[in-house]
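All chains should be built: construct the whole structure from the sequences, respecting the hints.
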Amino acid sequence: MKHLPIQNLLLVLIGLLLPVSAWAAGTSFFMKGFYHPMMVPAHIIVLFSLGLLLGQQGWRTIRVVLPAYVLVLIASLIMTRYQTAAWNAELVLLPLAAVTGLLVVFKWNLSILLPLVIAIVAAVVIGMDSTVPRIPGLQSAKIYSHLTGSGVFASAVLAIISLIALALRGLLEGVILRILGAWSTAGAVLVVTLLLVPDVNP
Amino acid sequence: MKIINRFLTLLASAVFICVLSMQASLAAGFHYQLDLTAKLVNNPQNELTAIQMNWIYDKELSAILMDGEDLSEANKEASLEKRKAEIFKGLTEVKYFTTILLNKNVLDVGKVENYKLRLNKESRLEMNLTLPLTKPQALQGNTLEIVVTDDSAVGLATFVDTSRMLLGEQFKSICQQPDLAQKKLAEVDGHAQVVETMTINCR
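Going down the list, the sequences are from chains A and B. Sequential numbering of the first sequence, starting at 22, is according to this note's numbering. Sequential numbering of the second sequence, starting at 2, is according to this note's numbering.
Think of the hints as simulated: they come from the structure by calculation, not from any bench. We put the CB at the ideal spot given by N, CA and C, even for glycine. A hint or two may mislead.
[Claimed, not checked] Only part of the chain A face toward chain B is listed, based on derived beta-carbon distances under 8 Å: (1) K53; (2) I156; (3) P157.
[As the list claims (entries may be wrong)] Computed footprint of chain A on chain B; a stretch qualifies when at least three of its residues, placed anywhere within it, have a C-beta under 8 Å from a C-beta of chain A: (4) 65 to 71; (5) 90 to 100.
[Unchecked claim] The following residues of chain A were derived to be distant from chain B, with all beta-carbon distances above 12 Å: (6) R81; (7) V85; (8) L87; (9) I99; (10) M100; (11) L123; (12) K128; (13) V142; (14) L211.
Set out below in structure tokens:
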């Protein structure tokens, strides 16, 4: 059976990450940081929709936006040591994910500036929302390991989804990406609605 | 065939993310507990002058804070001494998780005294410190409250029960048995902030 290169890449990644994940149940702060964005649905949804948008817009957009995103994310993660975010991250990220998903649905040829701005806003908010748990006396090395883990995950997810979306952009005239964009918009709107209406129990 | 392959690729990526997400619930969301025992200290005029505190860290947090240090019998003391200053600095920043009130008025606390850090037989960090009041306070006819909480909700600072509040002979004769109340506040990053108030009624 012949595998596509991207399938092989995914199989290798899963193979590598499973034992690493098992080891992470210990006290590794890198892995605790690595898992942190996964605990926040808003991070995942915005990274997913942004990845779709970058992949849909093509390699030229990915090549510019992805490095900019990584640089701003690193700066924001370092900023968490000195500043606390004054905003509610979910209420920024979820509408951003919804708008990004809509852009994927419309499948416009966008100027590179718009994905760049969305990526920078996402990087700032995700970075500032990835603070290390406050533990009095925790060594600086552990704090930076945690931040590095968060940065690696939030960058790797965006890169992987962008590349998958890039591979799928021509498939069925881009319908698959547009459907996924609609899903991410629906997911973001659903989560933000649940956040704004906390008492949904009858 | 090509379309099916690509669909499988997409499915594999979705599963990949889901698998990692499930594991996240096991590894992330760090939380720790600090068990507190407090003792009231008085002067010859039977006024409250300080609160002696004994904090015992849970095993996981102790291991994290001492991770990478040489804990062999020969070097344990030196390693503890090395970590002591950094842990103390961190605790000062969070004001020792403690607020002391007399009749609902916050009492000023001076520079911490008798700060000691050791590793007990259960490999748990044990910290002793004395929080001196800037001005001695008469307890007779008043209500003292010791409030402990971690604002970030990552840690649970707890008395566990009222037996952890030691009044001493002087205050035992004029005050009622302490009362412990626990209140849960809003969640911070998935953890509920817990505020414990130990009330000592000497009215």
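Violated hints - listed by number, lowest first: none
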